[in-house]
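Heads up, the sequence shown is in our numbering, so the first residue is 1 and it goes up one at a time.
Treat the hints with care, since some could be wrong.
Just the calculated beta-carbon pair ranges, DEER-fashion [as the list claims (entries may be wrong)]:
1) 147 x 111: 20 to 26 angstroms
2) 13 x 173: 25 to 31 angstroms
3) 220 x 89: 19 to 25 angstroms
4) 169 x 102: 38 to 44 angstroms
5) 210 x 131: 20 to 26 angstroms
6) 207 x 13: 47 to 53 angstroms
7) 58 x 105: 27 to 33 angstroms
Don't read these hints as lab results, they were simulated from the structure.
For every residue, glycine included, the Cβ atom is placed at its ideal position computed from N, Cα and C.
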Amino acid sequence: MTIRILTVEDDERIRTSLRLALENEGWVVEEASSGEEALASFTSNPTDIVLVDITLPGIDGFDICRAIRRESDVPIIMVTARSDTHDVVGGLESGADDYLTKPFAPKELSARIRALLRRMRVSDTDNTPLIFNDLEILPQQGTVQVAGTQIHLTKTEFKLLIELASNAGQVLSRETLLERVWDLGYFGDGRLVDVHIRRLRTKIEINPANPRYVITVRGMGYKLQQ
């Protein structure tokens with residue numbers, strides 16, 4: 001299967017090096033140098049992964065992410081020149097699945113993309129419904145309902161929910177979730193888990209500030225309450 005990647009970067013030198021590195025992996029690359037160009041390209045061309053820089057002229061990376069999320073759950077990797085919490089959390093809350101900090105090695109980028117592609121595949125989990133009060137999950141169909149209303153989740157949010165639901169009642173640490181959902185393990189960033197848990201709660205909880213399903217166990221991690 002041909003994998004198409006949209007790279008959004010205003011620095012021509014960086015954009016060219018990204019294209020060459022990604023094409024070396026056998027992937028097809030579409031390039032955009034601005035937010036406007038990126039959204040036009042995304043609308044007109046099928047895309048499997050979006051790699052977007054935060055700092056862009058005109059529409060920035062945060063707004064690109066939000067615009068894409070309104071119509072698609074395509075995996076997004078946000079690229080930032082800074083690793084401060086504001087940029088990282090802002091990017092993830094805008095809808096990104098993962099992030100990279102410049103400068104990064106091409107092998108690290110390829111590893112993150114491959115992890116996202118593995119996440120896109122249908123799980124081997126059987127299709128037995130996972131039901132917790134008003135929350136119903138069909139693993140292979142990729143559907144979630146709360147009180148009979150279907151809820152749209154990104155692929156990462158869905159995999160995170162499946163992991164929690166498949167281990168209902170058990171506390172899963174951030175490190176465990178990074179390994180199982182992001183394929184990153186102890187080398188990952190716990191902020192990925194925390195922000196995605198917050199995003200998941202806003203979609204499946206009646207009151208995200210007082211969650212019924214996804215519970216924080218202080219100092220240990222998260223669990224799905226049976």
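Hint by hint, here is what the structure shows:
no.	hint	result
1	147 x 111: 20 to 26 angstroms	violated (39 angstroms)
2	13 x 173: 25 to 31 angstroms	violated (40 angstroms)
3	220 x 89: 19 to 25 angstroms	holds (22 angstroms)
4	169 x 102: 38 to 44 angstroms	holds (41 angstroms)
5	210 x 131: 20 to 26 angstroms	holds (22 angstroms)
6	207 x 13: 47 to 53 angstroms	holds (48 angstroms)
7	58 x 105: 27 to 33 angstroms	holds (29 angstroms)
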